[in-house]
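J.: Chains A and B, in that order, give the protein sequences.
Counting in this note's numbering, the first sequence runs from 1030 upward without gaps.
Counting in this note's numbering, the second sequence runs from 1030 upward without gaps.
Be aware that a few hints might be false.
Unchecked claim - Okay, derived cross-link-like pairs now, EDC-like style, lysine to aspartate or glutamate, Cα gap no bigger than 16 Å in a straight line:
#1 K1194(A) - E1229(B)
#2 K1194(B) - E1229(A)
#3 K1423(A) - E1434(A)
These are computed hints drawn from the structure, not numbers from a lab.
There are 2 protein chains.
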Amino acid sequence: MAHLNPTHDPARRAWVASANVPDAEFPIQNLPFGVFSDARRTRAGVAIGDEIADLDALLGAGLLDGDAAKAARACADGRLNGLMALGPHYASALRAALSELLRSDGARRARAEAMREHILVPMARATMQLPCAIGDYSDFLTSLHHTERHGRYKGLKDPLPPAFKSLPIAYHGRASSIRVSGTPVRRPLGQYRNPDGAVEYGPAPMLDFELELAAFVGQGNVLGQPIPLGAAADHIFGYCLLNDWSAKSIQWWEQVLGPFLGKSFISSISPWIVTQEALAPFRLPAPARPDGDPAPLPHLTDAGDRAEGGIDIALEAWLSTPSRRAAGEGPLRITSTHLQNLYWTFGQMLAHHASNGCNLRPGDLIGSGTISGADDAARACITELTNAGADPLKVGPEEFRTALEDGDEIVLRARAQRPGAVSIGFGECRGRIEPALSVAAAGRPR
Amino acid sequence: MAHLNPTHDPARRAWVASANVPDAEFPIQNLPFGVFSDARRTRAGVAIGDEIADLDALLGAGLLDGDAAKAARACADGRLNGLMALGPHYASALRAALSELLRSDGARRARAEAMREHILVPMARATMQLPCAIGDYSDFLTSLHHTERHGRYKGLKDPLPPAFKSLPIAYHGRASSIRVSGTPVRRPLGQYRNPDGAVEYGPAPMLDFELELAAFVGQGNVLGQPIPLGAAADHIFGYCLLNDWSAKSIQWWEQVLGPFLGKSFISSISPWIVTQEALAPFRLPAPARPDGDPAPLPHLTDAGDRAEGGIDIALEAWLSTPSRRAAGEGPLRITSTHLQNLYWTFGQMLAHHASNGCNLRPGDLIGSGTISGADDAARACITELTNAGADPLKVGPEEFRTALEDGDEIVLRARAQRPGAVSIGFGECRGRIEPALSVAAAGRPR
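Throw the hints in and build the complete structure from the sequences for me.
T.: Here you go:
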């Protein structure tokens, strides 16, 4: 397993107690980056247990120097784009310095712990923000199972598009409406076709979630110059959870040149970016292609990507409904899937994306597409969980769903795990459906 | 005709002589905004004849005050987003002040002309830049003729998608690869299917241009709050030409969820933004719908939009080839079309775009889609001009095209015209095809 360094040492523990509890999402081996605000201002930080190491405060206290200090200064504007642009070396230097400051048996513990109140902010007192300016957002379609099921629902003779096994299919998404976990999801108004064939504009029925993982681009490339697959991993800064909310009613009617208003009303992401480096202990070989599938073309083939293009990440979706909450019942786990259910690696997605010379910029977001697997439990959206409505999902004694209803809340979670490594988490991506505006209110200028 | 003000006065002339020549693109009635650079730095300006009024210099010289000064200060960072965000009143105040300063019979002429060397920069000494940061780029498909022809080439029984007359169809485009006129267009590498059915990666054949007009968003809207059609015009800052370069070979193979790498290698725009205000004298009723077509739904219907949702803009595409240039021959006009060939107005496009609550931001770009008309001369891409390759386009005594070849150059031009008004131009959108990188060069990390 390549790229392991002292920050991955499973024996290392933090002097922040909450980072050491069993199944902590943010142990000292994780150290994901994010942006948070409090009453004072917005700034970059790193999660440790249930606290946030405040990069501005660490700089101000003189606890960072050299490349680690340069890395922290690069995000002094309250977003991570500058750090992303510097390339993997600087984020790595900063994580190494933080690991030294936060480890329970480190030479710098005493000095850091003495300033604890100054350099650590409890998550409970912080509001997470988008971690960076997202210039472009692209979303892929890389689960064969998701794609085949949807092809079958549409009654296609060949449910898989011809290009599916030759290239990772993708489309451009809307960057402006990406919001951080916790932002309410207002049911969109939209134009759709009723069951009786009439077209109307109103609150969109058939709202769905889609469970995805997304990569943030680190270093970019110059327009016209592709990124070889062998270099792709160095262009990925890290990963977050993505809920690609979809109004299927709008999508089915509008879609000629891909998804547009059926998705652009909001996309939710988890606030912490788990770095490419933190995931090094969890790399797996790229998912095996089924026997008989064509080999990828040479520019989508690389020995390193084949050996460790996969990542051992389990992902879940949880649903809470108003009735369940009223009855004091917790959320229902409705999806358990794994990143290895994808047909293409993130390296292949990124290399394909830049293969025509398209320039990727630091902070660009690249979604995996819905991570559905072959198993029924691994269906990662309600459309699949209900076989396109044929088998409603039981969510309570007398309650079923074929789509999300107002008040429903979806929480996505993920965890990287591997024997011999300390498991790390992604935090959560949460969103609750709010009722739509009335058409009358939408028509009044503001 | 609404919204006319003194800046539209056809009797007004500039003391900059080049603004008064017949058919000048930038007479004093136009005053489009752009961003330019010289050896010193990058800054915002306004075109007048073949000169650029330097907004920083005008501010520094004390020639602007009040709302006009506030408008100029809003783009002191060398991009127009701040001015766009202020809403139409401020750009209008700045145009009014500039018109007063530049008019040949104005009270402020003497003071301004005395500082001519300081406040005017010859276009020949400036390099135009992108006018603003483009957060999101959306492209529409609003020409019925373009859509029907492409449907027929594909052999579709019903060449028009069912939703075409119910909503303006659109997709998200790539913002990072938008470049200003004059930027070379490198033929992309890409994956495509050969005539013999084999899939390969190499220099993409079947390169095409697409002639479009595009609107820049001015004031944005809050996520979740649609923009009523009656307010849409106030959210449009102005317009430019757009060449939506397309690698049809890539597009035909990859396209499942809309265009992706077939277009994201570059999109070219003209550098000057002709304002919504400057186009007020050229408004027309929205194009009439053919008899029997359904009326738009109420949220896409507005009396003001119906009365003046159209604009009298003629557009052209010109092709120059290496052989023509070697023979000393000028470019060939291959397309003559008109904005009224669109089925939907820009107001409808913008209102539809925000109808699900999607937030538009100042500087977002909204393309019209290829502006093809019913006439053969009004076919606005080579695919249509050649009936999808069946009738090659004659470009010289012995030379034909079914797609663009290396060295070919496309120039788009447009002009607003109306009896009683001084015609205004859009400048040009120019791009020349350069040979592709070799696959070997693309595979080397840089």
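J.: Within a Cα-Cα threshold of 16 Å, do K1194(A) and E1229(B) meet the stated pairing?
T.: This hinted pair holds, its Cα atoms lying about 13 Å apart.
J.: Would the pair K1194(B) and E1229(A) pass a check requiring their Cα atoms to be no farther apart than 16 Å?
T.: holds, 13 Å
J.: Is K1423(A) close enough to E1434(A), meaning Cα to Cα at most 16 Å?
T.: At roughly 13 Å apart (the allowed maximum being 16 Å), E1434(A) and K1423(A) satisfy the hint.
Of the numbered hints given earlier, the model fails none.
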